[in-house]
Amino acid sequence: SQQGEEDPQALSIQEGENATMNCSYKTSINNLQWYRQNSGRGLVHLILIRSNEREKHSGRLRVTLDTSKKSSSLLITASRAADTASYFCATLHTNAGKSTFGDGTTLTVKP
Amino acid sequence: EAGVVQSPRYKIIEKKQPVAFWCNPISGHNTLYWYRQNLGQGPELLIRYENEEAVDDSQLPKDRFSAERLKGVDSTLKIQPAELGDSAVYLCASSSSRGRGEQFFGPGTRLTVL
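Same order as they appear, the protein sequences are chains A and B. In the working numbering, each residue carries its 1-based index in the first sequence increased by 82. In the working numbering, each residue carries its 1-based index in the second sequence increased by 9.
Pulled out of the complex, with its shape left as it was, chain B reads as follows (with noise of 0.2 Å):
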């Protein structure tokens, strides 16, 4: 069984540029989860859908970050402008109704904002 993707596992981008991140969650998983990793912390959480729809988005910063699930599959998050601050490891995990709560995690992408 295939993990969960994501791509670019790196990226590099000067402040105010866009950049979107890619996630393809395991077969089967109807939650998707968005984090935030910051150097030395632990994960803390964008956005989760429920199949396509976005169950809690309250700690994504609505006015510069989107994300979307078309089709209750894949995922895209997108910044737009990026800041320095956003500078982090984003991680995507996914989750299924038939478990207790266990979380698989993609490898992540590591974005710098220069």
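Chain A extracted, bound-state conformation (with noise of 0.2 Å):
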């Protein structure tokens, strides 16, 4: 089974509107990574927080992370069109040294 779990599984929202995705996690872990995945395409690594990091921001891209809750949100803020993707998390394991995916998050940005 997978380490990382995505909330929601789907999300569809309007041009300009802020979509927010979650990802709860199992054990501790030393990062923790999301990526995007345009359909047919490979994984695009968007960005990444450590584990004694709180809130990280990329452009429109906002990540927090909640080691207490095993838990991490991306905000993407004013949506756009070619937002239009999956989302994935990737946890670092502590002692494995290998990432283990959730299932995603397919995020639909209507124009």
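Since the hints were derived computationally from the structure, they do not count as laboratory data. Since the model is a prediction, treat every value here as computed from it, not as a measurement. Glycine included, every Cβ here is placed at the ideal spot set by N, Cα and C. One thing to keep in mind: the hints can contain errors.
The following residues of chain B were derived to be distant from chain A, with all beta-carbon distances above 10 Å [as the list claims (entries may be wrong)]:
#1 A29
#2 P52
#3 E61
#4 R73
#5 E77
For lysine to aspartate or glutamate, the following DMTMM-like pairs were computed, each having C-alpha atoms within a straight-line distance of at most 25 Å [what the hints assert, rightly or not]:
#6 A/K108 to A/E87
#7 A/K180 to B/E62
#8 A/K151 to A/E135
#9 A/K138 to B/E111
Two chains, two frames, a set of hints: combine them into the complex.
The following block contains the structure:
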């Protein structure tokens, strides 16, 4: 079974609105990463947040991490139609040395 | 800088046939990953290489799957014989030991087993 679980499974919003996706995990991590995947393509790394960080920004992306709740959120502000994609969180586990991906949130941004 | 290259992009075979996928990682990346991604799901790690050594192949179905990474650069993933349930996208990714764990993915090979 996958370590990370994204919520919601699917999200549909209008262009200009904000989109929030959540990720929960089970065991202690070194860092958590968010990736985007457009249909028929490979995954693209978006942002990485370390276990000792609480918030990270990159352009229109804002990621938070709450290690006490074992959860993270990805906020995309002022969404665009081009943001339509699946978004995955990946957790790098403390002792395993590998990342585990969730099943993703499918975001649809309507123009 | 060239990205991760995979070939072929698409492959259709009949069950019980063999199939092979090839991956060329980003130059200088010592870690290489093979993932399988089923429709509507996230990538699932099959095998991870550090240079030429397979350090994690716990999820690789060893009865029919094999992989190699000669000289610690290119890698090949093979399935023999293929089964209907092997239909999926096979993704290759690489990362640098000088990074923080960010993985760079290729476009994947979409395998259909009939």
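Claimed clearance of chain A by B/R73, with the beta carbon kept past 10 Å: holds (22 Å)
Determine whether the non-interface label on B/P52 survives the test: each CB of chain A must be over 10 Å from its CB. violated (5 Å)
Evaluate the condition: distance from the CB of B/E61 to the nearest CB of chain A exceeds 10 Å. holds (17 Å)
Between A/K151 and A/E135, is the straight-line Cα distance small enough, at 25 Å or below? holds (14 Å)
Would B/A29 pass as off the interface with chain A, using Cβ distances and a cut of 10 Å? holds (19 Å)
For the pair supplied as a hint, A/K138 and B/E111, confirm whether the alpha-carbon distance does not exceed 25 Å. holds (15 Å)
Non-interface label on B/E77, tested against every C-beta of chain A at 10 Å: holds (19 Å)
25 Å limit on alpha-carbon distance, applied to hinted pair A/K180 and B/E62: holds (15 Å)
Given the hinted pair A/K108 and A/E87, is their alpha-carbon gap at most 25 Å? holds (9 Å)
The structure fails to meet hint 2 from the earlier list, while all remaining hints are met.
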